[in-house]
Amino acid sequence: MSPTSLVPAGFVPPVDGKTATVEEFRAAVRAWLDEHAAGLAKPADHSLDAEVAQLGKVRRALFDAGWMRYGWPVEAGGLGGPDVLRAVLGEEVAARDLTDATNYSLVEVLAPTMISYAKGELAAEMLPWLLSGREQWCQGFSEPGSGSDLASLTTRALQREDGAWVVNGQKVWTSLAQYAQRCVLLTRTAPGHAGITAFFVDMDTPGITVRPLRTMHGVDEFAEVFFDDVVVPHERMLGKEGDGWSLAMDLLPYERSTCFWHRITYLFTRLDRLVADADTDGSEPTATTDAAVGAAYLALHTVRCRSRNTQRRLAAGANLGPETSVDKILLATAEQLLSNTARDVLPGVIELADSDWRTEYLYSRAATIYGGTAEIQRNIVARRLLNLGKD
Amino acid sequence: MDAEERELLAEALRGTMTATPAGAALDAALAEVGWEDLLAQEPEVAVPLVFSLLGETGAHASLVNDVLLAAAGQPVGGTVALPYAGGRQVVWERADAGGDGGVLDAALPLRAVDPDAADGGKAAADPVALAAGRRALGWWLVGTGRAMLDLARTHALDRTQFGKPIAAFQAVRHRLAETYVALEGAEATLTVAEDELGCLLAKAAAGQAALDAARHCQQVLGGIGFTAEHALHHHIRRALVLDGLLGNTRELTRQAGALIRAQRAAPRLAQL
Ligand SMILES: Cc1cc2nc3c(=O)[nH]c(=O)nc-3n(C[C@H](O)[C@H](O)[C@H](O)COP(=O)(O)OP(=O)(O)OC[C@H]3O[C@@H](n4cnc5c(N)ncnc54)[C@H](O)[C@@H]3O)c2cc1C
Numbered sequence: 001m002s003p004t005s006l007v008p009a010g011f012v013p014p015v016d017g018k019t020a021t022v023e024e025f026r027a028a029v030r031a032w033l034d035e036h037a038a039g040l041a042k043p044a045d046h047s048l049d050a051e052v053a054q055l056g057k058v059r060r061a062l063f064d065a066g067w068m069r070y071g072w073p074v075e076a077g078g079l080g081g082p083d084v085l086r087a088v089l090g091e092e093v094a095a096r097d098l099t100d101a102t103n104y105s106l107v108e109v110l111a112p113t114m115i116s117y118a119k120g121e122l123a124a125e126m127l128p129w130l131l132s133g134r135e136q137w138c139q140g141f142s143e144p145g146s147g148s149d150l151a152s153l154t155t156r157a158l159q160r161e162d163g164a165w166v167v168n169g170q171k172v173w174t175s176l177a178q179y180a181q182r183c184v185l186l187t188r189t190a191p192g193h194a195g196i197t198a199f200f201v202d203m204d205t206p207g208i209t210v211r212p213l214r215t216m217h218g219v220d221e222f223a224e225v226f227f228d229d230v231v232v233p234h235e236r237m238l239g240k241e242g243d244g245w246s247l248a249m250d251l252l253p254y255e256r257s258t259c260f261w262h263r264i265t266y267l268f269t270r271l272d273r274l275v276a277d278a279d280t281d282g283s284e285p286t287a288t289t290d291a292a293v294g295a296a297y298l299a300l301h302t303v304r305c306r307s308r309n310t311q312r313r314l315a316a317g318a319n320l321g322p323e324t325s326v327d328k329i330l331l332a333t334a335e336q337l338l339s340n341t342a343r344d345v346l347p348g349v350i351e352l353a354d355s356d357w358r359t360e361y362l363y364s365r366a367a368t369i370y371g372g373t374a375e376i377q378r379n380i381v382a383r384r385l386l387n388l389g390k391d
Numbered sequence: 392m393d394a395e396e397r398e399l400l401a402e403a404l405r406g407t408m409t410a411t412p413a414g415a416a417l418d419a420a421l422a423e424v425g426w427e428d429l430l431a432q433e434p435e436v437a438v439p440l441v442f443s444l445l446g447e448t449g450a451h452a453s454l455v456n457d458v459l460l461a462a463a464g465q466p467v468g469g470t471v472a473l474p475y476a477g478g479r480q481v482v483w484e485r486a487d488a489g490g491d492g493g494v495l496d497a498a499l500p501l502r503a504v505d506p507d508a509a510d511g512g513k514a515a516a517d518p519v520a521l522a523a524g525r526r527a528l529g530w531w532l533v534g535t536g537r538a539m540l541d542l543a544r545t546h547a548l549d550r551t552q553f554g555k556p557i558a559a560f561q562a563v564r565h566r567l568a569e570t571y572v573a574l575e576g577a578e579a580t581l582t583v584a585e586d587e588l589g590c591l592l593a594k595a596a597a598g599q600a601a602l603d604a605a606r607h608c609q610q611v612l613g614g615i616g617f618t619a620e621h622a623l624h625h626h627i628r629r630a631l632v633l634d635g636l637l638g639n640t641r642e643l644t645r646q647a648g649a650l651i652r653a654q655r656a657a658p659r660l661a662q663l
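Chains A and B, in that order, are what the protein sequence lines are. Reminder that position 233 of the first sequence reads as 233 in the working numbering, one-by-one numbering, no gaps. Count along the second sequence from 1, then add 391; that gives the number in the working numbering.
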């Protein structure tokens, strides 16, 4: 399973990731995507199975052509170059609506910390399986008793005499767990924040049971995952014992830069669609619709500007921290405003027709829950950015 | 101008604004420290700095005239008729306010003019000038919002009720967080405001953020924030008046909506 074995024979990088500018890279990606548009188009089938298959297909094509490997370190099977290249690629993929933006961006919350924390050759061995679309991975953090208070998690890992670890417990809301071959899992090995330890677990290990959960929007994207005496080799520990909390914190900068940029791009495509649909609907006075659509645009434009500044800071070598809670609040607010606006200016579309708008509207309700709730973000702003002391 | 020079300039300007009476005297003092050259040579430094400081210090000067005139390629120093919300027009006099009580923020030397009478309205009709003016006022509004947030934050830490500072109550904390997020978002739109649409959106975002700040901060300040003895009301008045100047949040947002509906696509202005 050496990483190079997944790269097509005779592969030649299409651009030099170290020297290409954002504009050059974008132009090259666009030309390639235009050329391959027919083969990559989304199928009419909207089921999650079809969506996940499409995600695999798009990643595979982008990996084989090299695009999917830019912005990832050479040591981990990537082609190098700055992180921003991943934001650009994701933006182009989202702008063409080739895959669901959230699923596409899961890589951003899984791979970077895996690369920084994995032992030895593990990252180099594993990352290409994810990037090439051959595998899905999932993130096992939340538990029935530990949502916002993640540090209270209780899924236990105990070390055996032979050094291997035995995991018992339950995870919940684990996105794409039913499709995943691997899981970045947080466990408890001792009390407190310093007692949380992360593992990279194979989902086909005996003792793991995945039970998909029905969701409100009808796309059953997450699952409960049960662990009964699941044996995990010591080499699969990410970082050292007790590094789990810092791993969880370290992924925020990626989630809140590249991932958000993809999501914002996607939401702009939906705003364009709303503008087109509002035209044909015409059941409201023009000025009312103009005002509502304008407000949604203003909110999306605002988070786009903020996110662009965040990317620039990251590119300039800044460490991203609690200030990204601002990005998160702006994004969740804009996302919900957009679909509320769709419901307002297209009366009945969400309630009376099984449209994409219904799915969008219902899914947007989760934007203030996942990735740290709206309230938790405001707590962080108050405590860390406004220095208001403890609550 | 490097970061250090900018910092020095900011300190000098802040000193001038706090030491000089607002209005005509501040106009003169800023002319003295080289406002006109700064605007001509480094508008991308001058405008954000000077206008956000006007907001933060609570000072005022008639500089928005110069921003419009310079952008329209006309000599600075005079006045221009400025569009105001609701199809009205005002002139920002280069003198102290007469105190005739017509304007909500009585400190500002604003005079309503008849939109149909030719009152030197050329620069304001120039879209480039209008955009430059909106961007400048956006910085001012964000500065005013920050001044309000600062007052409310200090109060929240100082004021004790139920045996603890009110900053310990989540309802209070979340109002202040909301204000901070709105101001940060608006500032981001200002950093990206280059063309006409970008400036329109930035003015709308800044107006909205300042109005949100007024609402939340007034609530956090309780009874004291309702008195004329506390500084808050000056900033609230300023935010309300500046929001209307060159188009208010509501109008600009509606215009943005009309524009993207006419174009059938929403421009992505911020690029990586
Ligand atoms: C679509 C979706 C996908 C997800 N995918 C994943 C995944 O792949 N992997 C994973 O590990 N998790 C995932 N999650 C879980 C997500 O991270 C949690 O739902 C989230 O952290 C909130 O936890 P909770 O649901 O237990 O709510 P709780 O923490 O119980 O919160 C309930 C309510 O109480 C409020 N509250 C809690 N604490 C405070 C406080 N201190 N101050 C003020 N209010 C508070 C919350 O804001 C919320 O409104 C996903 C969730 C969703 C909705």
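These aren't lab readings, by the way, just hints derived from the structure by calculation. Please note: incorrect hints may appear among the correct ones.
[As the list claims (entries may be wrong)] Distance ranges between label pairs, derived from CB positions: (1) B:613 <-> A:321: 27 to 35 Å; (2) A:318 <-> B:403: 37 to 45 Å; (3) B:541 <-> A:44: 53 to 61 Å; (4) A:22 <-> B:403: 34 to 42 Å; (5) A:191 <-> B:541: 38 to 46 Å; (6) A:318 <-> B:401: 20 to 28 Å.
[Unchecked claim] Stretch by stretch, here's where chain A covers chain B in the computed footprint (C-beta under 8 Å, at least three residues): (7) 448-458; (8) 557-565.
Note that CB positions come from ideal geometry on N, CA and C, so glycine has one too.
Going down the list of hints, with the structure as the test:
1. B:613 <-> A:321: 27 to 35 Å: holds, 32 Å
2. A:318 <-> B:403: 37 to 45 Å: violated, 28 Å
3. B:541 <-> A:44: 53 to 61 Å: holds, 55 Å
4. A:22 <-> B:403: 34 to 42 Å: holds, 37 Å
5. A:191 <-> B:541: 38 to 46 Å: holds, 41 Å
6. A:318 <-> B:401: 20 to 28 Å: Holds, since residue 318 (chain A) and residue 401 (chain B) (Cβ atoms, about 21 Å apart) stay within the stated range.
7. 448-458: violated (count 0)
8. 557-565: n = 6 at 8 Å, threshold three: holds.
In terms of the numbered hints stated before, the structure departs from hints 2 and 7, listed from lowest to highest.
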